[in-house]
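Participant: Chain residues, written in single-letter form:
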Amino acid sequence: MSWSAHDLEPYVIQKELGKRIAFVPLLIGSYAPDLTSKWFVYGVTPFGLDLKADNPAQFHRGWPGAGFTHSLLFGVLIGLILYAIWRNKVVAYSFVVGQWAHALTDTGDTVGTMLLFPFTDHLFAVGAWAYAGQTGRYVDAGAYFSGLGFVWDGVFVVWGILSWRVLTRGYFRTTVMAADPFWRWAGRHLSETTLVALYRASFFYGVARWAAWLIWAHVVRSFAFDFRWGGPRWVPRVYADELNTAPACRCPGCCSMRPRLGFYGAVAACAWAKGFIASRSGRSLRVRGRPRAVRSSRRRRLRAGARSRSRTSSPGRADRGAGRPWSASGRERA
Amino acid sequence: MREDGSPFRLREALAAGRRELLLYLATGVAYVAIGVAFPEVLFAWPVAVGFLLICVVGLPALVSRLRS
Numbered sequence: 000m001s002w003s004a005h006d007l008e009p010y011v012i013q014k015e016l017g018k019r020i021a022f023v024p025l026l027i028g029s030y031a032p033d034l035t036s037k038w039f040v041y042g043v044t045p046f047g048l049d050l051k052a053d054n055p056a057q058f059h060r061g062w063p064g065a066g067f068t069h070s071l072l073f074g075v076l077i078g079l080i081l082y083a084i085w086r087n088k089v090v091a092y093s094f095v096v097g098q099w100a101h102a103l104t105d106t107g108d109t110v111g112t113m114l115l116f117p118f119t120d121h122l123f124a125v126g127a128w129a130y131a132g133q134t135g136r137y138v139d140a141g142a143y144f145s146g147l148g149f150v151w152d153g154v155f156v157v158w159g160i161l162s163w164r165v166l167t168r169g170y171f172r173t174t175v176m177a178a179d180p181f182w183r184w185a186g187r188h189l190s191e192t193t194l195v196a197l198y199r200a201s202f203f204y205g206v207a208r209w210a211a212w213l214i215w216a217h218v219v220r221s222f223a224f225d226f227r228w229g230g231p232r233w234v235p236r237v238y239a240d241e242l243n244t245a246p247a248c249r250c251p252g253c254c255s256m257r258p259r260l261g262f263y264g265a266v267a268a269c270a271w272a273k274g275f276i277a278s279r280s281g282r283s284l285r286v287r288g289r290p291r292a293v294r295s296s297r298r299r300r301l302r303a304g305a306r307s308r309s310r311t312s313s314p315g316r317a318d319r320g321a322g323r324p325w326s327a328s329g330r331e332r333a
Numbered sequence: 000m001r002e003d004g005s006p007f008r009l010r011e012a013l014a015a016g017r018r019e020l021l022l023y024l025a026t027g028v029a030y031v032a033i034g035v036a037f038p039e040v041l042f043a044w045p046v047a048v049g050f051l052l053i054c055v056v057g058l059p060a061l062v063s064r065l066r067s
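Protein chains in written order, with numbering that gives the first Met the number 0: chain A, 0 to 333; chain B, 0 to 67.
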């Protein structure tokens with residue numbers, strides 16, 4: 000898991016895509032995978048009731064569990080639902096971009112994410128920093144900010160600061176508000192200063208939190224720095240191969256995770272997509288009226304006719320610019 | 000101004016909103032200090048947003064109202 004990258008990624012993406020992306024769905028997409036599951040990973044105690052997952056890593060990233068929220072297809076499904084509700088392509092794919100950024104960033108720890116779920120429950124993990132959610136939020140924070148995790152977040156802090164243009168009021172007014180319907184709606188109720196503060200809030204949260212955790216881990220508490228691949232050696236971590244080892248469930252959803260079935264599913268999806276694209280292109284050709292070959296030969300004939308006409312009437316070419324004041328002949332006449 | 004509405008140079012941006020930048024920096028420093036003292040605060044995004052809105056929007060509005 001990443002502690003500040005998910006707050007800062009949307010600003011970096013916003014800088015790259017400008018008006019082609021809507022900021023609010025992008026931000027929600029960036030938070031979405033952890034939105035419903037993180038509280039249960041670390042545990043909460045409302046009214047003295049202790050709510051915590053027995054196996055936090057399995058619940059957070061595995062299957063059975065809420066690990067499907069970190070798959071690429073989850074983002075696409077939610078994007079399709081958003082498109083069905085709002086009929087706005089930019090809103091839909093902005094969510095998908097944000098969710099994919101989160102899922103890909105989280106492959107950096109030792110557990111990784113099930114990117115290709117439900118075709119396979121394989122956890123794709125780079126393993127640069129330790130997944131230590133099971134140790135509780137404070138030890139997890141200490142481990143993250145003592146290893147390569149905080150370096151990774153630091154990259155986004157620096158990248159975010161280098162993308163300072165997206166934080167300016169002029170950029171917000173011209174680019175962010177123009178692309179995102181949320182801000183236009185909110186602008187009817189709130190002042191521009193409030194809107195700009197809300198827009199900058201996640202950046203503020205990401206940078207301030209990165210600094211605060213770093214100070215807390217090494218000044219208030221004395222967690223030892225250890226930049227080895229896989230995170231500090233002093234923290235107990237979970238690895239990808241320790242997850243998804245539950246006995247196989249026979250329901251259709253779980254069966255589809257088997258690699259062979261996943262492969263067949265992928266082939267079927269590709270075949271369907273190819274047929275869909277072919278039918279769409281066939282329809283668009285029919286709408287245009289005639290096949291491309293006929294159109295190009297007609298264009299060639301027209302071009303040849305124009306060339307022969309220009310050859311026969313070349314003396315008139317000078318007269319064409321005569322009426323215009325900026326043409327040589329026009330100026331001479333004037 | 001560039002096409003996307005942002006200034007050409009960082010210096011121009013800082014000159015235009017120096018007071019605003021200082022306000023954000025002071026808010027950030029205060030939030031970091033509170034976060035280091037009470038790390039529980041750092042877990043809640045809504046708390047951070049509320050704190051930012053109070054410091055950047057609420058307090059300046061209150062001060063200007065009191066002055067006038």
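No wet-lab data here; the hints were simulated from the structure.
Glycine included, C-beta positions come from ideal geometry on N, C-alpha and C.
Hints may contain errors.
[Unchecked claim] Chain B regions said to be covered by chain A (calculated; three or more residues, Cβ under 8 Å): (1) 6–12; (2) 24–35; (3) 45–51.
[Said to hold, decoys possible] If you want the footprint, here are the derived chain A segments under chain B, 3+ residues with CB under 8 Å: (4) 85–98; (5) 113–127; (6) 142–152; (7) 193–199; (8) 214–220.
Participant: Closer than 8 Å, Cβ to Cβ, for at least three residues: run that test on the segment 113–127 of chain A against chain B and report holds or violated.
Facilitator: violated (count 0)
Participant: For the segment 85–98 of chain A, count the residues whose Cβ lies under 8 Å from any Cβ of chain B; is that count three or more?
Facilitator: Since 0 is below three, the answer is violated.
Participant: Can you take a look at whether the segment 45–51 of chain B is actually covered by chain A? Rule is 3+ residues, C-beta closer than 8 Å.
Facilitator: n = 3 at 8 Å, threshold three: holds.
Participant: Checking C-beta pairs, does the segment 24–35 of chain B have three or more residues closer than 8 Å to chain A?
Facilitator: holds (count 6)
Participant: Are three or more residues of the segment 193–199 of chain A within 8 Å, CB to CB, of chain B?
Facilitator: holds (count 4)
Participant: Test coverage of the segment 142–152 of chain A by chain B using CB-CB distances below 8 Å; three residues minimum.
Facilitator: violated (count 0)
Participant: In terms of beta carbon proximity below 8 Å, does the segment 214–220 of chain A have 3 or more residues touching chain B?
Facilitator: holds (count 4)
Participant: In terms of beta carbon proximity below 8 Å, does the segment 6–12 of chain B have 3 or more residues touching chain A?
Facilitator: This one holds; 3 residues, not fewer than the three required, reach chain A with a Cβ under 8 Å.
The structure fails to meet hints 4, 5, 6 from the earlier list, while all remaining hints are met.
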